[in-house]
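Given chain B's structure and the hints, the job is docking chain W onto it.
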Amino acid sequence: MEKIKSFGNKISDSVLWNQLKAGDEESFSMLFERYYGSLVNYGKTLMPSEDIVKDCVQDVFVDIWKYSEKLNAAIVVKAYLFSCVRNRIARFRERDHIFSHVKDVDSFDFMFDFSVEERLIADESMASKVEYLNQCINNLPDRQKEALYLRYHQGLTVEQVAEVLDMNYQSTKNLLHRAISRLRSDFPISLVALLLANPTNF
Amino acid sequence: MQDRNFYKSVLDFITDESFQRWVREKEDLSNWEEWTLENTERAKLVAEARQWILAMRVEEDSVSNQETQEALFLTWSKIRKSNSSSRITRLFQANFFRAAAAVLVIGLVTAGIYTKLSIIETNSNALNQYVVQGDSNGLIEQINNTDKPQLITLSDASSILLQPKSKLSYPKNFKGSIRKVYLSGEAFFEISKDPNKSFMVYANETVTKVYGTSFRIVAYSNQPNVEVLVRTGKVKVSGVQKSLANASNEVILYPNQATRFERKNQVFEKILDLTRDESLLQSAKSIERLNFEFRDIPVSQIFATIEQAYLVSIDFPMEKLKECYLTTSLIDEPLPEKLKIICASLGNNTRYEMNGNQIKIISNGCK
Chain B
3 MEKIKSFGNK ISDSVLWNQL KAGDEESFSM LFERYYGSLV NYGKTLMPSE DIVKDCVQDV
63 FVDIWKYSEK LNAAIVVKAY LFSCVRNRIA RFRERDHIFS HVKDVDSFDF MFDFSVEERL
123 IADESMASKV EYLNQCINNL PDRQKEALYL RYHQGLTVEQ VAEVLDMNYQ STKNLLHRAI
183 SRLRSDFPIS LVALLLANPT NF
Chain W
7 MQDRNFYKSV LDFITDESFQ RWVREKEDLS NWEEWTLENT ERAKLVAEAR QWILAMRVEE
67 DSVSNQETQE ALFLTWSKIR KSNSSSRITR LFQANFFRAA AAVLVIGLVT AGIYTKLSII
127 ETNSNALNQY VVQGDSNGLI EQINNTDKPQ LITLSDASSI LLQPKSKLSY PKNFKGSIRK
187 VYLSGEAFFE ISKDPNKSFM VYANETVTKV YGTSFRIVAY SNQPNVEVLV RTGKVKVSGV
247 QKSLANASNE VILYPNQATR FERKNQVFEK ILDLTRDESL LQSAKSIERL NFEFRDIPVS
307 QIFATIEQAY LVSIDFPMEK LKECYLTTSL IDEPLPEKLK IICASLGNNT RYEMNGNQIK
367 IISNGCK
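Protein chains in written order, with the working numbering: chain B, 3 to 204; chain W, 7 to 373.
The shape of chain B in the complex, shown without the other chains (with noise of 0.2 Å):
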């Protein structure tokens, strides 16, 4: 279930959401408190105006007091959130784009990029490689990138990113092992032939 951070001893989401049901505007509050800046920074790599991303993020809070009585009580608050703000998102993108041909959550762009961790590279050579890896993995498929944001950056359990990208565990397990192994065994000599190969595809 929820793990429990190390600061302090924290109210869990579980209980937390258990009293919002209830009615309770505190819990709520603390709800919102604790993962609207990672909602916000999650939402702005599938969708580049930040005002929009506050908007969604917001909504889908208002949502969930609205209809708090007819919500799931035996949810992860966590992953919860995140696919709702996914949801939303996907669903305002759909309306934006009416006349475009369906643009589904599959196909959702993620627009993120990773960077490279500068202080931490002390030689030239490890800081090729690294250069290199960062591109490799930026260059993954948007799918299997999201992925590895949510599960390494946001802590999602695999469970969890299932949730979010609804997908089933097995598939999520085998996009990240994929993304993983695609890059990794024969690094980085492989992917630069196949760079080669195919200039135009990546």
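Hints were generated in silico from the structure; no laboratory data involved.
Wrong hints could be hidden among the right ones.
[Stated by the list, open to error] Cut-off 20 Å, straight-line C-alpha distance, at most; resulting in silico cross-link-like pairs (SDA-like, lysine to any residue):
(1) W:K276 - W:K186
(2) W:K87 - B:W67
(3) W:K203 - B:N141
(4) W:K186 - W:I146
(5) W:K242 - B:M128
(6) W:K84 - B:G39
(7) B:K68 - W:K84
(8) W:K14 - B:R180
(9) W:K242 - B:S117
(10) W:K50 - B:M128
(11) W:K181 - W:K215
(12) W:K14 - W:E39
(13) W:K270 - W:D302
(14) W:K242 - B:T159
(15) B:K68 - B:Y82
(16) B:K46 - W:K203
(17) W:K14 - B:F112
(18) W:K173 - W:N231
Frame of chain B; chain W shown alone:
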């Protein structure tokens, strides 16, 4: 959490918080250092995982406490507002959407026909002046010898503003899974979205791969640099020639980012924030400065904005559309899409006709 002695994959390591802290903050409460050295196979895996962490830095603005509080306040007021009027608005919205859906279908059909017609018109029209048709690859070559930007509409309903002294080559109809065009000079692109057919612009020694978006390319054959500036969406720019020595031979750009490609050395310089680069900002053409985010704006004003952006003239029944206001975002759409959306929103069998740079709106008003 799984016992680290059973870690088999890089992923196991990089998602372990204590491992992350050891690499990033050099905080080693769990004796990673010692544990790593116990076995060489393990040490290899750790070294690799370490590289992954170094390559996966996440730079994001932290949302301040104050910002969160303001957002919370806003959210509560939205909740209060929706409580008082939720029933009525929801009923209204339901009807509205049903009506809108019907209009959209009509709009789509008529608009579809008209764009098709208009494309033929544009091409034959332009043929007289600037178009050299059918080189060896069956490409249409359009050269802008005037002193004003020129609008080109492609067969996939993408729109392009070609700047003076510039040349664009494109097929009359796109075939296959890639939409390829060739640019020499400068142009602003708004590409229609089609996930199954990627769009690529070849310009001097660079290739820009597009994900459905708008952007500008400056690639004059007599200048030392190629510049690509992104407005919306995402593009990837790479050198035509991949070189082993040069891993950074490509760059991915998001909105308001740009890159300068030095042709002599074949290197990219990435400009992260366009709004801070004076020289590039100065060169922005009017279409890039205009705001296509409309909130409750009279439709006449929206037409004026489009006229200014694409250098077209729009003829519309002013009296009938006097009372029509729209809220819509047309940022990420090529011109034909923009017109379709506006017509559909106006409803009432509103449609448009396009003949070169003359656009005519036919409408009975919006009520």
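Results of checking the hints against the structure:
1. A hinted pair counts as satisfied when its Cα atoms are at most 20 Å apart, and K276 (chain W) with K186 (chain W) does not qualify at roughly 24 Å.
2. Taken as a hint, the K87 (chain W) and W67 (chain B) pair is honoured in the structure, with Cα atoms around 13 Å apart against an allowance of 20 Å.
3. Between K203 (chain W) and N141 (chain B) the alpha-carbon distance is near 18 Å, which keeps this suggested pair within the 20 Å criterion.
4. Taken as a hint, the K186 (chain W) and I146 (chain W) pair is honoured in the structure, with Cα atoms around 12 Å apart against an allowance of 20 Å.
5. Annotation: proposed proximity of K242 (chain W) to M128 (chain B) is violated, straight-line Cα distance about 25 Å (limit 20 Å).
6. Among the hinted pairs, K84 (chain W) with G39 (chain B) is consistent with the structure: their alpha-carbon atoms are about 19 Å apart, no more than 20 Å.
7. For the given pair, K68 (chain B) sits about 11 Å from K84 (chain W) by alpha-carbon distance, which is consistent with the 20 Å threshold.
8. For the hint pairing K14 (chain W) with R180 (chain B), the CA-to-CA distance comes to about 14 Å; that is within 20 Å, so the pair holds.
9. This hinted pair checks out: K242 (chain W) and S117 (chain B) have alpha carbons roughly 16 Å apart, not beyond 20 Å.
10. For a cut-off of 20 Å, the pair hint linking K50 (chain W) to M128 (chain B) stands: about 14 Å separates their Cα positions.
11. As the CA atoms of K181 (chain W) and K215 (chain W) are separated by approximately 17 Å, the hinted pair is consistent with the 20 Å bound.
12. Taken as a hint, the K14 (chain W) and E39 (chain W) pair is honoured in the structure, with Cα atoms around 18 Å apart against an allowance of 20 Å.
13. Annotation: proposed proximity of K270 (chain W) to D302 (chain W) is violated, straight-line Cα distance about 49 Å (limit 20 Å).
14. Distance check on the hinted pair: K242 (chain W) and T159 (chain B) sit about 31 Å apart at the alpha-carbon level, beyond 20 Å; violated.
15. Of the pairs offered as hints, the one joining K68 (chain B) and Y82 (chain B) holds, with about 16 Å between alpha carbons and a cut-off of 20 Å not exceeded.
16. With a C-alpha separation of about 26 Å, the suggested pair K46 (chain B) and K203 (chain W) falls outside the 20 Å cut-off, and the hint is violated.
17. Under the criterion of a C-alpha separation no larger than 20 Å, the hint pairing K14 (chain W) with F112 (chain B) is inconsistent with the structure, at around 28 Å.
18. Only pairs whose Cα atoms come within 20 Å are accepted, and K173 (chain W) paired with N231 (chain W) is accepted, the gap being roughly 17 Å.
The structure fails to meet hints 1, 5, 13, 14, 16, 17 from the earlier list, while all remaining hints are met.
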